[in-house]
Amino acid sequence: SQQGEEDPQALSIQEGENATMNCSYKTSINNLQWYRQNSGRGLVHLILIRSNEREKHSGRLRVTLDTSKKSSSLLITASRAADTASYFCATGGSTGFQKLVFGTGTRLLVSP
Amino acid sequence: DTAVSQTPKYLVTQMGNDKSIKCEQNLGHDTMYWYKQDSKKFLKIMFSYNNKELIINETVPNRFSPKSPDKAHLNLHINSLELGDSAVYFCASSRSQLGNQPQHFGDGTRLSIL
Numbered sequence: 001s002q003q004g005e006e007d008p009q010a011l012s013i014q015e016g017e018n019a020t021m022n023c024s025y026k027t028s029i030n031n032l033q034w035y036r037q038n039s040g041r042g043l044v045h046l047i048l049i050r051s052n053e054r055e056k057h058s059g060r061l062r063v064t065l066d067t068s069k070k071s072s073s074l075l076i077t078a079s080r081a082a083d084t085a086s087y088f089c090a091t092g093g094s095t096g097f098q099k100l101v102f103g104t105g106t107r108l109l110v111s112p
Numbered sequence: 001d002t003a004v005s006q007t008p009k010y011l012v013t014q015m016g017n018d019k020s021i022k023c024e025q026n027l028g029h030d031t032m033y034w035y036k037q038d039s040k041k042f043l044k045i046m047f048s049y050n051n052k053e054l055i056i057n058e059t060v061p062n063r064f065s066p067k068s069p070d071k072a073h074l075n076l077h078i079n080s081l082e083l084g085d086s087a088v089y090f091c092a093s094s095r096s097q098l099g100n101q102p103q104h105f106g107d108g109t110r111l112s113i114l
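Chains C and R are the protein sequences, given in the same order. Going by the numbering used here, the residue at position 98 of the first sequence is 98; the numbering climbs one at a time, nothing skipped. Going by the numbering used here, the residue at position 40 of the second sequence is 40; the numbering climbs one at a time, nothing skipped.
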C-alpha cells in the first residue's frame with residue numbers, strides 16, 4: 001500500500017513567500033527523500049535525510065524529519081515562479097535496500 | 001548530455017498491440033528501475049535491476065517483461081496492451097542498490113492506449 005502522503009495536495013502562493021509541504025509515512029524508514037517534478041518532466045532529486053537526522057538544509061530548502069511522528073516537512077523559502085512543480089516525498093525501507101515508496105505529491109503554484 | 005534517456009517520449013497505440021520502451025543511462029550507475037505514474041500522479045515501482053540482475057519485481061502483470069542487456073540499459077516490453085496500461089512510464093537509475101542514494105529519472109514515456 002501507499003507509504004507517504006503529502007499535505008496539502010495543492011498549494012498556491014506568491015513569489016517571495018515561503019512554502020511548506022508535509023509528508024507522513026507508515027513504517028520504519030532508513031531515509032526519506034524529496035523530489036521535484038516539473039510538468040511533463042521526470043523527477044529530480046532535491047534532498048535526502050537519514051533516519052538519524054532531524055534537519056537538513058540545501059540552499060533555499062529546509063527538510064525536517066520526526067521519526068516519532070513518522071513525518072517530514074519540506075520548506076522552500078523565498079519562493080520563485082520557477083519553483084512551480086509537484087513535490088514528492090519518498091521513503092527508503094529500514095533494511096537499507098533501495099526500494100523507494102513515493103507519496104501522492106503536493107502541487108505547488110508560485111505566482112509572480 | 002542527458003543522464004537518463006528514454007525512447008520514445010510518446011507512444012500511442014491500439015489495445016492488444018505489443019510495444020517496447022527503451023532506457024539508457026550514462027551515469028555509470030549499477031541499478032536501474034521502471035516506475036509507472038498514473039493519472040493521479042501516483043508513482044509506483046515496477047522493476048529494478050542491479051548489474052543486469054532482476055532484484056525487484058513488484059506485483060505487475062506478466063505482460064510486462066523487462067530486459068537489461070547491460071547495466072547501462074533497461075528496456076520494458078509490454079504484450080497485449082490494455083486500456084489500463086495508459087500511464088507515464090519512468091526509467092531511473094542509482095549508483096547502487098543500497099537505500100541511501102538519490103535516483104535519477106528520465107523524462108518519461110507517455111503511453112496512450114486507444
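Hints listed in this document are in silico derivations from the structure and should not be mistaken for laboratory results. Careful, some of the hints might be misleading.
Computed list of lysine-lysine pairs in DSS-like fashion (alpha-carbon distance at most 25 Å, straight line) [stated by the list, open to error]:
1) 67/R <-> 70/C
2) 71/R <-> 40/R
3) 99/C <-> 67/R
Covered stretches of chain C, going by a simulated chain R footprint (3 or more residues, C-beta under 8 Å) [to be verified]:
4) 11 to 20
5) 54 to 68
6) 71 to 79
Output of the computed footprint for chain C on chain R, the stretches with three or more beta carbons under 8 Å from beta carbons of chain C [to be verified]:
7) 10 to 16
8) 95 to 105
All residues carry an ideal CB built from backbone N, CA and C; glycine is no exception.
Evaluated hints:
1. Between the alpha carbons of residue 67/R and residue 70/C the distance comes to roughly 36 Å, so the proposed pair goes past 25 Å and is violated.
2. Between residue 71/R and residue 40/R the alpha-carbon distance is near 31 Å, which puts this suggested pair outside the 25 Å criterion.
3. Taken as a hint, the residue 99/C and residue 67/R pair is honoured in the structure, with Cα atoms around 19 Å apart against an allowance of 25 Å.
4. Coverage of the segment 11 to 20 of chain C by chain R is violated. Counting CB-CB distances below 8 Å, 0 residues qualify, and the rule asks for three or more.
5. With a cut-off of 8 Å between beta carbons, the segment 54 to 68 of chain C has 0 residues touching chain R; three or more are needed, and the interface restraint is violated.
6. With 0 residues having a beta carbon nearer than 8 Å to a beta carbon of chain R, the segment 71 to 79 of chain C misses the requirement of three or more and the stated coverage is violated.
7. With a threshold of 8 Å between beta carbons, the proposed coverage of the segment 10 to 16 of chain R by chain C is violated, since 0 of its residues qualify and at least three are required.
8. With a cut-off of 8 Å between beta carbons, the segment 95 to 105 of chain R has 10 residues touching chain C; three or more are needed, and the interface restraint holds.
In this structure, the hints that do not hold are numbers 1, 2, 4, 5, 6 and 7, in rising order.
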